[in-house]
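J.: One letter stands for each residue in the lines below.
Number of protein chains: 2
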Amino acid sequence: MTSDLFVKMSLSAWKTQNTRLDELLAKLSDEQLMQPTAPGRNTGTYLLGHLTAVNDSLFKFLGFGEMMHPELEDVFLRSPDGSGKTMPTVKQLRDYWSEVNTALYIKMDAMTAADWFAKHSAVSEEDFIKDPHRNKLNIILNRTTHQGYHLGQIAYLVKK
Amino acid sequence: MTSDLFVKMSLSAWKTQNTRLDELLAKLSDEQLMQPTAPGRNTGTYLLGHLTAVNDSLFKFLGFGEMMHPELEDVFLRSPDGSGKTMPTVKQLRDYWSEVNTALYIKMDAMTAADWFAKHSAVSEEDFIKDPHRNKLNIILNRTTHQGYHLGQIAYLVKK
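As they're listed, the protein sequences go chains A and B. The opening residue of the first sequence carries number 96 in my numbering; numbering runs sequentially from there. The opening residue of the second sequence carries number 96 in my numbering; numbering runs sequentially from there.
The reader is advised that the hints may include incorrect statements.
Since the list gives no way to pick out one identical chain from another, each pair is judged satisfied if it fits inside one copy or across any two copies.
[To be verified] Each computed SDA-like pair below joins lysine to any residue, with the alpha-carbon atoms no more than 20 Å apart:
| id | residue 1 | residue 2 |
| --- | --- | --- |
| 1 | K186 | E126 |
| 2 | K225 | W192 |
| 3 | K255 | R173 |
| 4 | K255 | S174 |
| 5 | K186 | A209 |
| 6 | K186 | V149 |
| 7 | K103 | D226 |
| 8 | K225 | D210 |
| 9 | K103 | D222 |
| 10 | K186 | E221 |
| 11 | K110 | H241 |
| 12 | K254 | L120 |
Simulated from the structure, these hints should not be mistaken for lab results.
Work out the full structure: start from the sequences and follow the hints.
T.: And the structure:
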């Protein structure tokens with residue numbers, strides 16, 4: 096019962112951040128998204144790709160399977176903006192963002208509280224016994240803050 | 096047991112954000128903090144005051160008592176940057192930030208899991224029965240993301 100409540104609180108906080116990005120994307124044109132969020136800083140396009148790749152990588156961490164778009168990993172998780180690596184178009188990135196989240200929500204909504212408190216895929220059984228907070232739900236807590244961090248930057252593309 | 100774990104996970108995520116601001120503050124001079132985080136956007140000073148006021152207001156929401164610096168509320172929670180209202184100096188704000196957090200940690204560390212799952216001060220008994228996720232810990236989850244949001248902006252003051 097209490098576990099169900101934590102899961103609800105955590106997932107709701109994470110989904111709220113996804114919705115906030117949806118709202119920002121609805122406000123920003125492709126041209127605006129292609130601009131740096133501040134002089135010399137990441138573009139909106141790069142941050143959209145980055146946040147999509149981070150959500151997409153949840154399929155692995157939560158044990159659902161592989162990324163839907165593994166090609167995003169190299170460009171948006173391992174390389175900085177302006178690396179010269181081939182990027183999808185802004186239009187494609189907008190589609191991937193929605194597609195990844197829709198698929199993730201279906202998988203997540205089918206999980207029980209016990210599933211969420213199980214270890215995530217990047218921690219060993221041995222370490223998990225020592226640190227039981229390294230569970231799947233903790234990944235969601237961390238990803239929520241990470242989304243907030245970049246949403247604060249993408250928000251700078253919205254004209255005042 | 097699971098409740099204790101969830102409290103630990105949530106508080107640890109929130110404290111991590113406080114520590115990240117400590118690290119940014121150690122890197123940034125007062126002059127750097129006084130700059131806008133991007134052209135036409137909030138200054139680092141305003142955001143430091145804002146985050147301090149938000150943490151300070153936790154004394155009320157968590158039922159510990161009044162804000163340590165109630166004068167911050169009008170300038171940093173109810174008014175935008177550049178309102179012309181009297182601001183503390185950057186030096187004072189740095190001190191308040193540490194002081195508020197030190198006092199908060201002492202109060203928080205003395206709370207039990209049951210305390211955290213009780214309703215926060217801004218929700219009625221009646222609404223709490225309908226929405227038990229509106230508990231004290233949920234405030235911490237929300238504040239953590241809020242901190243992340245502004246940390247992403249303050250980080251733009253650090254020279255690349």
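J.: Now tell me, hint by hint, if it's right for this structure.
T.: Right, here's what the structure says about each hint:
1. Taking the closest pair of Cα atoms, K186 and E126 come within 20 Å of each other only inside a single copy of the chain (11 Å); across copies the shortest separation is 40 Å, beyond that limit.
2. Taking identical chains as interchangeable, the C-alpha atoms of K225 and W192 are never at most 20 Å apart, the minima being 35 Å within one chain and 33 Å between chains.
3. When the C-alpha separation of K255 and R173 is checked against a cutoff of 20 Å, the pair qualifies only between copies, where the shortest distance is 18 Å, while the shortest distance within a copy is 33 Å.
4. Proximity of K255 to S174 under the C-alpha cut-off of 20 Å is restricted to the inter-copy arrangement: shortest distance 16 Å between copies versus 31 Å within a copy.
5. Taking the closest pair of Cα atoms, K186 and A209 never come within 20 Å of each other, the shortest separation being 38 Å inside a single copy and 47 Å across copies.
6. Taking the closest pair of Cα atoms, K186 and V149 come within 20 Å of each other only inside a single copy of the chain (18 Å); across copies the shortest separation is 37 Å, beyond that limit.
7. Taking the shortest Cα distances, K103 and D226 sit within 20 Å of each other only across copies (11 Å), while inside one copy they are farther apart (22 Å).
8. In this assembly of identical chains, K225 and D210 lie within 20 Å of each other by CA distance solely inside one copy; the values are 18 Å within and 26 Å between copies.
9. Proximity of K103 and D222 under a CA criterion of 20 Å is satisfied inter-copy only: 17 Å between copies versus 26 Å inside one chain copy.
10. Proximity of K186 to E221 under the C-alpha cut-off of 20 Å is found in neither arrangement, the shortest distances being 44 Å within a copy and 46 Å between copies.
11. Taking identical chains as interchangeable, the C-alpha atoms of K110 and H241 lie at most 20 Å apart whether they share a chain (13 Å) or sit on different chains (14 Å).
12. Taking the shortest Cα distances, K254 and L120 sit within 20 Å of each other inside one copy (13 Å), while across copies they are farther apart (28 Å).
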